[in-house]
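Visitor: Sequence:
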Amino acid sequence: MSIIYTRLGEVALRHDFYRDGLAKDILLMPTQETAHLMKNGKILFRETPGGIVLLYRAEEDELTPLTPLALPQSFFFFFKPENAASFLQITDLDTGSEEFQAGKVPFFQNSPAAASTDSENPEELSYQLLDGLRPKTFSLELSLNPIPSSVRIKVRNAPGEVVSPGKDSAGTPLPDGYEVNPDDHGKFKFIFNFNGKKEGVYTFTLRNTADTEDLWSKKYWLGETQTDQPFGIVELRYEAAPNHLYGNKEYYQLSFNRKESLWTYYVVNGNNKVDLISSQLQIQDQGNEGTVPYGSYAFDQIGDSPNADIKINNLETVIFQSQVKIPYFEVPKLNFQLRKTPENQVLIPNLPNPSRSAPTKQSGGEVNSEIYVFI
Numbered sequence: 009m010s011i012i013y014t015r016l017g018e019v020a021l022r023h024d025f026y027r028d029g030l031a032k033d034i035l036l037m038p039t040q041e042t043a044h045l046m047k048n049g050k051i052l053f054r055e056t057p058g059g060i061v062l063l064y065r066a067e068e069d070e071l072t073p074l075t076p077l078a079l080p081q082s083f084f085f086f087f088k089p090e091n092a093a094s095f096l097q098i099t100d101l102d103t104g105s106e107e108f109q110a111g112k113v114p115f116f117q118n119s120p121a122a123a124s125t126d127s128e129n130p131e132e133l134s135y136q137l138l139d140g141l142r143p144k145t146f147s148l149e150l151s152l153n154p155i156p157s158s159v160r161i162k163v164r165n166a167p168g169e170v171v172s173p174g175k176d177s178a179g180t181p182l183p184d185g186y187e188v189n190p191d192d193h194g195k196f197k198f199i200f201n202f203n204g205k206k207e208g209v210y211t212f213t214l215r216n217t218a219d220t221e222d223l224w225s226k227k228y229w230l231g232e233t234q235t236d237q238p239f240g241i242v243e244l245r246y247e248a249a250p251n252h253l254y255g256n257k258e259y260y261q262l263s264f265n266r267k268e269s270l271w272t273y274y275v276v277n278g279n280n281k282v283d284l285i286s287s288q289l290q291i292q293d294q295g296n297e298g299t300v301p302y303g304s305y306a307f308d309q310i311g312d313s314p315n316a317d318i319k320i321n322n323l324e325t326v327i328f329q330s331q332v333k334i335p336y337f338e339v340p341k342l343n344f345q346l347r348k349t350p351e352n353q354v355l356i357p358n359l360p361n362p363s364r365s366a367p368t369k370q371s372g373g374e375v376n377s378e379i380y381v382f383i
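Under the numbering used here, the first residue of the sequence shown is numbered 9, with each subsequent residue one higher.
There's no promise every hint is true.
Claimed, not checked - The list that follows gives simulated cross-link-like pairs (lysine-lysine, PhoX-like), each with its CA atoms no further than 25 angstroms apart:
| hint | residue 1 | residue 2 |
| --- | --- | --- |
| 1 | 112 | 144 |
| 2 | 227 | 88 |
| 3 | 206 | 47 |
| 4 | 226 | 257 |
| 5 | 47 | 88 |
| 6 | 88 | 195 |
| 7 | 144 | 197 |
| 8 | 144 | 32 |
| 9 | 205 | 257 |
| 10 | 205 | 50 |
| 11 | 226 | 88 |
| 12 | 175 | 197 |
| 13 | 175 | 281 |
| 14 | 47 | 144 |
| 15 | 206 | 227 |
| 16 | 47 | 227 |
These are computed hints drawn from the structure, not numbers from a lab.
Could you put together the complete structure from these sequences and hints?
Guide: Given below as structure tokens:
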């Protein structure tokens, strides 16, 4: 009897920072529960240069699974960049309404109704930020302002079903909307127990005593993590209807977006040979070369020449900032010229791009990259 494996689906990893569009140095691995589920269903997980592929053991017809899994099912995969600092420098992990910050967990998932069997048009995984990873048994202590007389705790799984938040001292599951009072210091303390529940995303909500208003809400992924904390999570969901687990191979795409920022040049009069009062400096964009995502950019001078408030190493400095954000890209932006007028002299034909190892800063609610240039 031949051992036959058929492709179940594949996930392409993409990042538009790179010229070839492929995400680099991203490690994916199934969670502990998913690895056990895949073993029972005789499903293999393999990494490819551009992502991952899942294969299931099939019968001689190369279609019927040898050990079919019951539906619905979810497969969860942890992902982590090999160099998290470098990844964060080039990757925009904000959502339309929420900013990525410490403690947040990037979460990608498919929509079973949007499954694609077209390799040229894969299903784009949706993206959101979770509020953290938690084991299935964990404690929580928090304060609310103002301090309510009590709160009611409600937990829902991903489909929105009621989940008991734990058990009482007799081992009886706590009811939905279980009431908790603050301690003498005004803090609310909880011990959650979800042993026996499936790993996945759960929503925790604290309601007021009358159960008419949300006071606090978080989304956590519950499950066993590894010693090395994962960076993010990918979920592939399969429902009973529409049933896409077996049959035609499905194609998914996980896309990371490049960062963009305002570029601020600090032009430092290092040898004092340029008279910054009688002469004026300006930055001109002389266009692009090749296929790059850059547009044409103009820069405004910030403050006087020289700047009255800012000196670098006690040297005269002129500051320029781009009028719009400029994307980060593997291929540098060329042809930003530093010119001196009225002589129209080119002082620097190609100003440097921001260093990928330098942190960005928030300035006026905008992401800002600083570049220091000495003339």
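Visitor: Mind listing which of the numbered hints don't hold for this structure, in increasing order?
Guide: The structure conflicts with hints 4, 6, 8, 9, 13, 16, although it agrees with all the remaining ones.
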